[in-house]
Amino acid sequence: SQTIHQWPATLVQPVGSPLSLECTVEGTSNPNLYWYRQAAGRGLQLLFYSVGIGQISSEVPQNLSASRPQDRQFILSSKKLLLSDSGFYLCAYSKPGLATPTNEQFFGPGTRLTVL
Amino acid sequence: GQNIDQPTEMTATEGAIVQINCTYQTSGFNGLFWYQQHAGEAPTFLSYNVLDGLEEKGRFSSFLSRSKGYSYLLLKELQMKDSASYLCAVRNTGGFKTIFGAGTRLFVKA
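Those protein sequence lines, which keep their order, are chains E and U.
Count along the first sequence starting at 1, add 13, and that's the number in the numbering used here.
Count along the second sequence starting at 1, add 4, and that's the number in the numbering used here.
Derived from the structure by calculation, the hints contain no laboratory data.
No residue lacks a Cβ here, since even glycine has one placed at the ideal position from N, Cα and C.
Check each hint, because a few of them may be wrong.
Claimed, not checked - Derived pair list, reagent style DSS-like, types lysine-lysine, alpha-carbon separation capped at 30 Å:
#1 U:113 x U:85
#2 U:101 x E:108
#3 U:101 x U:72
#4 U:101 x E:93
#5 U:61 x U:113
#6 U:61 x U:85
#7 U:61 x U:80
#8 U:61 x E:108
#9 U:61 x U:72
#10 U:61 x U:101
#11 E:92 x U:101
#12 U:113 x U:80
Unchecked claim - So the derived label-pair ranges between C-beta atoms look like this:
#13 U:17 x E:54: 18 to 26 Å
#14 U:74 x E:80: 34 to 42 Å
#15 U:13 x E:20: 30 to 38 Å
#16 U:31 x E:68: 14 to 22 Å
#17 E:80 x U:96: 21 to 29 Å
#18 U:25 x E:54: 18 to 26 Å
Make a model of the complete structure from these sequences and hints.
Listed below in structure tokens is the structure:
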């Protein structure tokens, strides 16, 4: 079976500090990986997606970056956090290519980030 | 541009039926999804439509009209546990990128 892990679950960071959020997937090879951010009471904003190691597509220009150092590892980083970076960060995966007709996304438990 | 519109909030009574509408304008289309998200939790997959028509799955049904850029999620026999946000999402033609709407918060009252 497939599972997705994210950590930490909650994080409080001062403005200007760095950030590193990690996501790992088990049970499937070469997954498509995604980072989303959800502001309070809002929908999911796609930040980055990756279809393979070292392949990152950025959707929103901002002070965040993503990396995929291993097949099933996806990392979200920032060198200097802004107040506006606060939110609920969700990692998700889908199976590679068209493995299933729906190929829906499976979400990790999320990281609630508060920047003070 | 890309845009997905859903009502912000809806309220319904336990045991009733509720329909949540979604309209979309996207640069490509390769399927429409509905996800359920309880407060503070991650979204979970509910349904998928890629062809016009109705897909039924237990108490949940989802409808799609590609020509109208329109979908709805129908929830029957509402239960208190159905109180959640319902997110409409459209996958692009390439199949990798999915755009989400802001979600509809559904409140089920006794």
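Okay, the hints, checked on the actual structure:
1. U:113 x U:85: 10 Å, holds
2. U:101 x E:108: 13 Å, holds
3. U:101 x U:72: At roughly 21 Å apart (the allowed maximum being 30 Å), residue 72 of chain U and residue 101 of chain U satisfy the hint.
4. U:101 x E:93: 27 Å, holds
5. U:61 x U:113: Holds - the C-alpha atoms of residue 113 of chain U and residue 61 of chain U are around 23 Å apart, at most 30 Å.
6. U:61 x U:85: Roughly 17 Å separates the two Cα atoms, so the pair holds.
7. U:61 x U:80: 11 Å, holds
8. U:61 x E:108: 22 Å, holds
9. U:61 x U:72: With a Cα-Cα distance of about 23 Å, the restraint between residue 61 of chain U and residue 72 of chain U holds, given a limit of 30 Å.
10. U:61 x U:101: Satisfied, since the Cα-Cα distance of roughly 25 Å is no more than 30 Å.
11. E:92 x U:101: OK: residue 92 of chain E and residue 101 of chain U at ~26 Å, within 30 Å.
12. U:113 x U:80: The given pair, whose Cα atoms are some 14 Å apart, holds under the 30 Å limit.
13. U:17 x E:54: 18 to 26 Å: 23 Å, holds
14. U:74 x E:80: 34 to 42 Å: Once the Cβ atoms are compared, 38 Å apart, the range 34 to 42 Å for residue 80 of chain E and residue 74 of chain U holds.
15. U:13 x E:20: 30 to 38 Å: 32 Å, holds
16. U:31 x E:68: 14 to 22 Å: Distance hint for residue 31 of chain U, residue 68 of chain E holds at roughly 21 Å.
17. E:80 x U:96: 21 to 29 Å: The hinted range 21 to 29 Å holds for residue 80 of chain E and residue 96 of chain U, with Cβ atoms some 23 Å apart.
18. U:25 x E:54: 18 to 26 Å: Taking Cβ atoms as reference, residue 25 of chain U and residue 54 of chain E lie about 19 Å apart, which means the hint holds.
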